[in-house]
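A.B. asks: Okay, here's what each chain looks like letter by letter:
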Amino acid sequence: MTKQVQQLDRVVIRFAGDSGDGMQLTGDRFTAGTAEFGNDLSTLPNFPAEIRAPAGTLPGVSSFQLHFADHDILTPGDSPNVLVAMNPAALKANLGDLPKGADIIANTDEFTKRNLQKVGYDANPLEDDSLREWRVHAVPLTSLTVTALEGFDLSKKDAERSKNMFALGLLSWLYHRPTEHTISFLEQKFAKKPEIAKANIAAFQAGWNYGETTESFSVSYEVKPAQLAPGVYRNISGNQALAYGLIAASVQSKLPLFLGSYPITPASDILHELSRHKRFGIRTFQAEDEIAGVGAALGAAFGGALGVTTTSGPGVALKAETIGLAVMTELPLILVDVQRAGPSTGMPTKTEQTDLLMAMFGRNGESPVPIVAPSTPSDCFDAAIEAARIAVKYRTPVYLLSDGYLANGSEPWRLPEVSDLPDISTEFAVKTDEEFQPYVRDPETLSRPWAIPGTAGLEHRIGGIEKANGSGNISYDPNNHDLMVRLRQSKIDGIDVPALEVDDPEGDARVLVLGWGSTYGPIAAAVRRIRKSGGKVAQAHLRHLNPLPANTGEVLKSYDKVLLPEINLGQLALLLRAKFLVDIISYNRVRGLPFKAEELAGVIQDVIDSE
Amino acid sequence: MTKQVQQLDRVVIRFAGDSGDGMQLTGDRFTAGTAEFGNDLSTLPNFPAEIRAPAGTLPGVSSFQLHFADHDILTPGDSPNVLVAMNPAALKANLGDLPKGADIIANTDEFTKRNLQKVGYDANPLEDDSLREWRVHAVPLTSLTVTALEGFDLSKKDAERSKNMFALGLLSWLYHRPTEHTISFLEQKFAKKPEIAKANIAAFQAGWNYGETTESFSVSYEVKPAQLAPGVYRNISGNQALAYGLIAASVQSKLPLFLGSYPITPASDILHELSRHKRFGIRTFQAEDEIAGVGAALGAAFGGALGVTTTSGPGVALKAETIGLAVMTELPLILVDVQRAGPSTGMPTKTEQTDLLMAMFGRNGESPVPIVAPSTPSDCFDAAIEAARIAVKYRTPVYLLSDGYLANGSEPWRLPEVSDLPDISTEFAVKTDEEFQPYVRDPETLSRPWAIPGTAGLEHRIGGIEKANGSGNISYDPNNHDLMVRLRQSKIDGIDVPALEVDDPEGDARVLVLGWGSTYGPIAAAVRRIRKSGGKVAQAHLRHLNPLPANTGEVLKSYDKVLLPEINLGQLALLLRAKFLVDIISYNRVRGLPFKAEELAGVIQDVIDSE
Amino acid sequence: MSDTLNGKGLALVPKTDAKQTLKDFKSDQEVRWCPGCGDYAILAAVQSFLPELGLRRENIVFVSGIGCSSRFPYYLDTYGFHSIHGRAPAIATGLASSRPDLSVWVITGDGDALSIGGNHLIHALRRNVNLNILLFNNRIYGLTKGQYSPTSEIGKITKSTPMGSLDKPFNPISLALGAEASFVARTIDSDRKHLQSVLREATAHRGTSLVEIYQNCNIFNDNAFEQLKDPEIRDDITLRLEHGQPIASASKAVVRAANGGLDVVPLAEAGDRVLVHDAHNPDPSVAFALSRLDEPAFEHVPIGIFRQVERPAYDTLMAEQLEEAVAQKGPGDLSDLLMGGDTWRIG
Amino acid sequence: MSDTLNGKGLALVPKTDAKQTLKDFKSDQEVRWCPGCGDYAILAAVQSFLPELGLRRENIVFVSGIGCSSRFPYYLDTYGFHSIHGRAPAIATGLASSRPDLSVWVITGDGDALSIGGNHLIHALRRNVNLNILLFNNRIYGLTKGQYSPTSEIGKITKSTPMGSLDKPFNPISLALGAEASFVARTIDSDRKHLQSVLREATAHRGTSLVEIYQNCNIFNDNAFEQLKDPEIRDDITLRLEHGQPIASASKAVVRAANGGLDVVPLAEAGDRVLVHDAHNPDPSVAFALSRLDEPAFEHVPIGIFRQVERPAYDTLMAEQLEEAVAQKGPGDLSDLLMGGDTWRIG
Ligand SMILES: Cc1ncc(C[n+]2csc(CCOP(=O)(O)OP(=O)(O)O)c2C)c(N)n1
Ligand SMILES: Cc1ncc(C[n+]2csc(CCOP(=O)(O)OP(=O)(O)O)c2C)c(N)n1
Ligand code: SF4
Ligand code: SF4
Ligand SMILES: [Mg+2]
Ligand SMILES: [Mg+2]
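Listed in order, the protein sequences are those of chains W, F, X and Z. Each residue of the first sequence is one higher than the last, beginning at 19 in the numbering used here. Each residue of the second sequence is one higher than the last, beginning at 19 in the numbering used here. Each residue of the third sequence is one higher than the last, beginning at 8 in the numbering used here. Each residue of the fourth sequence is one higher than the last, beginning at 8 in the numbering used here.
Hints may contain errors.
In the EDC-like style, the derived pairs of lysine to aspartate or glutamate whose C-alpha atoms are separated by at most 16 Å in a straight line are [to be verified]:
#1 Lys136(F) - Asp349(Z)
#2 Lys152(Z) - Asp495(F)
#3 Lys175(X) - Glu37(Z)
#4 Lys166(Z) - Asp495(F)
#5 Lys236(X) - Glu306(X)
#6 Lys110(W) - Asp495(F)
#7 Lys163(X) - Glu59(X)
#8 Lys175(Z) - Asp229(X)
#9 Lys152(X) - Glu291(W)
#10 Lys597(W) - Asp601(F)
#11 Lys207(W) - Asp349(Z)
#12 Lys242(F) - Glu68(F)
#13 Lys166(X) - Glu198(W)
#14 Lys152(X) - Glu205(W)
#15 Lys136(W) - Glu160(X)
If you only want the chain X side, here are some residues facing chain Z, beta carbon under 7 Å, derived [unchecked claim]:
#16 Pro238
#17 Arg280
#18 Leu282
#19 Leu324
#20 Trp351
Anything over 12 Å on all C-beta distances counts as not near chain Z; from chain W, calculated [said to hold, decoys possible]:
#21 Ala156
#22 Lys411
#23 Glu445
#24 Ala469
Calculated from the structure, these hints are not laboratory results. Glycine included, every Cβ here is placed at the ideal spot set by N, Cα and C.
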């Protein structure tokens, strides 16, 4: 029997199972195959804060969504075309996101009475009529896996563990994914346990063959490679790109990187990544808390290092006092905040854009700090370099506002040429004939000299008490204080940031959709939809939140309406309204999840229609 | 010789000397005499951050300014009519503030070559012509004191110490202050050292007699008692009034007060004051740091206490994380921030209004907190009760934003009748037939039940992770999170705050001067000046910064121009501009000092003139 | 309560006559630790121990920080506060010092208590607030998925230390003794009887009791305490500390060393030199020396109560000052307070 | 450097041949402590000690927190960082672990180090970062005008404790030993010779050295250490700790106690039982026992170096890992890094 092959331009798959079912790994491998194949893609992992919540329960469900296409795409997809549900909990937790008509591949072995009860199913939904509006493929994934591995010297439990590879094989067949990479990956991963490696590979191949032979699947799908810009690509998550960006910043600034950090979800992976690259001269210091993390980074910066600290959620609050000290001592420092759902502990694994005003204002006194926000996972690389450039050039702490969605989401990244990366190096102060003044200012940047210990003749003392401009001596002079408050502000206000670019193809849109940070993808996808259906809308995305590009006000005022979707209650809107007195229309949803393109398209259309 | 007596309606005196010269005490005593006499008054202490900087140096100068009048006054005075300069440093540090023609009483004994050199005087300004535009009274205060005390069994050094009392005596004579209180005060203060008591009294009287007999002073002055509203008065500083307000809040709420605090200037005195009133059942806990201070207060609040924490400057930054927890757990808590000059350590003894946006936004996630700001030292009493009322009624942390100027400044306070104080008591949750739901909401206030340990049947668990509305169980449900984010915001937005009152006597002003916090006095004084000279200007002062009074927008929009002076770079202006899109005119000076009435009058006039 | 100095630990907490069982202390929340986690055993031990105290359930409060272990309060049907990372001792201090009628417990992990929360812990110990602190030491950060902790051994390879950790770990017992703790003990998740016997003394102690519990994290640091559970060697390496009893394992004994310290020698050689444990010794030096016996690791591990001395609890002293203030000058009167300074009358 | 274990403390810091004097270390800033403050004596002692090290001035950094004592860096003509309250050890850790060519000092007070900064202090100690920490212990908060501190005696009447403080103070030496410190000493502001002899060893030590300096605050806690300065009794109550020497004062001696601890007895009675000080003992137990001898207060006070043992410094280990990484895989190359994952080419 030759099966039918159908061409698709894009597919959204969601793998869902128990925390222990290996869904993140499965998703990662499917992603790797898809990247290798040459599709454009975007991913959205979603997992509970618990390490391994009790098996079979709703809070224990872990999922991984992947969107891939034959053209460039912008989001991990609004709703899946296929759901792989490894148990009843996974089905129940994800069904709400599944459009009618979508495929469900369900592991029937786990649809036992007990498991059904655990999540409140009275009857087996695979057997009653309740899923009639979807296309259900009931597959006994577990027992098929166990059968496939009968020849191996494995306990039943160990054999069952490979069921995710069976599922991966099946899906790989269904979407014509290449298999070599997964096989060599498994060989490497289990290099020390060849029996396990072989079993996993066997399960993977069994899954593939199952698709090929069973009647359950009559169609398979092909999604052609995407026509992306020429270059070398790799798939990368935001956290990894951010870590790489920091390493690149260290190389391009010729400053040794010092990371002071305390683990916290979802920022920890940056610490993990950086700690693996010691041959770049990178020091990673796992501190006793966030305060010590940022303190050590500042101490290292005083010594001439590129000081970095990374955190999320409540960790940001704890760093506030030391950031104030960095503002006062005017030393370079990079503060990476991977925003997560708050307040307080909130929902640690969920995303949000709610730390913008904290970054702007969350310190005692007038203490301005520049803010840079990446817009996509791979953009975290460039944004990190940009944050470092500003920190080093202006001798200031800089906030880099990533978020949970960027951190864990991934996309193909066209690798930059190292030779194209900006030179962000700086000069340390050196002894001259004049008496050294630690708070004398560069007339262009208003920054003060970076005079590092070890430099003869520049011995000086800095600190958190107000300083006389120039000499840097402690000063309680009222006019000096007023001057310094304004100088610190002017220095930040005067940072050279590129103009805000507007995407308004025909130049006649009356509505502008503005965004910042990780909403870029969904907004751009929504804008495409509007334009596809003939609507007119302009788009602009802010990477620099403080200072704002010089033309921001002008851009805002040149549209009848400005719509600003944010995953908060309107934080950027507040800043823009205050600064430009423009009646910005906010769209806010704070659900711990990225926006959906469809949702935003609807909102944009409403604004256009209300014109 | 009978000396001439001149009538004045108001006088501003400044005592200035070395940190060790006892200027604060001298000022306090003069204030007490003045209060007793029945003048209205306002004071401004000003001292260095050092405990006792080296004698005779500029940074070591400590001063105390007092404004008193025969009518109600609003500020400690823009510039002194009389400067008492105990040494050359005191003269040099204060001369700039002294209008031409003012009196200078200088202690010639300290104008030695060495002391003059220490502060960079080449010649003795009392002897060359440089002070010709002032009226200089050169008095050898030290040697006169030593002579006066010759009969006492005291070392010369001890005798010299009493020179501040000599100066006090002289000034008391000059302004016809009553003397009994000072004498009995000294008797009490040195009850255990009667010889010292007697010596101080003798010095005090010698000063008085000196004025009476010497030719150096040909005129003395009388300032009639003020016609204040009838009642019992006492002089009170902002910190003391705030402490009393907290005690009153404890009494009026029937909740035991628990203060968790860590010492920091200028907030420490609230801790000191409260720790003296244990018979009110007040527990004061000096914690290991600010985080433990607020943590303990929150723990006590969970147990049913009125939890309070007090701090300043960098201490505020450290409390941010725990305030977020209080927002999430929806427990009452009062956060007193005595704002001081920042950022970082800044200028600890100087005043500023720069923590408003920190109070609004200085936490991760969307975490709204109400903010109340007192306007005068005595108003700290009422503002504390109001903060407690909101905290208890709405189960929320509340920021009480005082500042260094209010904290240490003082004024006569008409004592309220205890029976007139609001009842701010609340009900703890009790067991009912229904299952207890810790996050079920009061439909009016949106607050949740306060169910304290020890109540049978209400056992429940709270925490910083997102909660399901109603049940309070941990919830990662996206829609619940969005709901909770909005509920927390709505609860704060819905707090019942009184309408903003506008003082616009004839109702035809086109310019409104708006203020908040401690700028009340200087703004009101400036408004008086404008009106006296025939100008028209309206005044309004915000005590509630979050939420704003419901009529705020309306008020702002009903004037052609709104002027907003702030001792920051425009923090309230930012909030108002964002919310009401009104082009507020900011006037900002960040000098660590309160505004002067004259300065503001000029600014107001300019705004009126530019109409 | 043979070893209890005063048994006053819960004297101020209301008792109940109602018969309680383990079930009374189970909340309706699903337990969400990894299958096999040592936290389950501790939870079961605590739940089955609590009825023994005979306290009114509503007067028991569990306060925790953040970490796997800190989820503990959700599973107990008492009052509970799952707070923020490292701050539980501070929050509990406010609660316990204002509410002596409560039995307040702090649940914390090695990261929570000794990394971010180290300062609050040592200050609670010196203050001697009436708290029972259970420190679940799995020598790893569990909740954040396996970074090394302040009790991890040097050279530990984790996600954040791919070439091995560099810092010498804290010994929680030594640290607590250095911080003036009045009650310090160590027990282990797998030995319910011992765990409960330690809890018995800890609750009887009025003041801060610190109980370190060796807890297995089978996901990120499995078998960290395997030696102590291995029937082959367990009895040889475990030195049980019991007040008034000689300190010895099946085959080893503790004796005084020539240099003023302590030594472990074969039991047979020890004779009557075996040190007799005095948990009530006002001087913590011997307890400290005992805490050093397991350096570098697990050759011989003292288990039990290192120190248990009477010292007034912080909340008692605080309450006494309030009473004394009232006794001296009468209860506070608001009107008098306001009128208390130099006042004058107008009109 | 008789007592120095390795003398490597400053081996990596560049030396100068230029002759230095006290003057070279005086900055142009006016000293702003109260007349009579013990800080003056410490400043003078440090300024006159530094030339002895023969280091290049620009390679010396003083980092401090906040407090009267923390103003210290302003008065030294070296690099300096007057940071924020309690955080100096953290800031200095970043500096020292990335710059082994610097001599990094931390100046801190009893409030700064033991109240708000307690956690950073104990973590610096266990890590053994290459720092000299001078803890000015005046048993009071000076800068904020006299509240009790974590080293104030119980019952202390201060502005914040009008009826007396309630908390048992820390003993900084005990706490440091409990926190795995490799170098712990105590000295006193008034004894310049002793102070400098301790600094000599502290700087020779590579790793964290904690030096507690009893410092008089004549404004808020005058005469706190009067006994140790009183010529009448000083020699009787001061037990000088010198490695290899018997531990004794003019009239008393330290001996082993029957219960495994230490005792102080009249010198005459001690005979050859007098304990000989072993600062290099790997087991900190005896040092800990010595630290408890002055409980409750000032009957006999050990002064000198309690503990001084060799342990790799944190920055050394950190640097070694970087070197090893390079040795194993060559220096990092950015291009290789970016190309390092699964890549594919388009076009
Ligand atoms: C302020 C803050 N910093 C960091 C975190 C992230 N975090 C949560 S638990 C934890 C450590 C957990 O280790 P441990 O205390 O040993 O508990 P375990 O999970 O091992 O029981 C960390 C770093 C946080 N929640 N809050
Ligand atoms: C975050 C913060 N909290 C509180 C303060 C106020 N403060 C400054 S110094 C100090 C204590 C000083 O005591 P100590 O460290 O013993 O130093 P000393 O002045 O006695 O030398 C305090 C509480 C501060 N500056 N910053
Ligand atoms: S990660 Fe470890 S400590 Fe946490 S629940 Fe799982 S097994 Fe237990
Ligand atoms: S207050 Fe005390 S410690 Fe501070 S400078 Fe004065 S005497 Fe020294
Ligand atoms: Mg742990
Ligand atoms: Mg001190």
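A.B. asks: Which hints from the list above does the structure break, by number from lowest to highest?
C.D. replies: Violated hints (numbers, rising): 1, 2, 3, 4, 7, 8, 12, 13, 14, 15, 16, 17, 20 and 24; every other hint is consistent with the structure.
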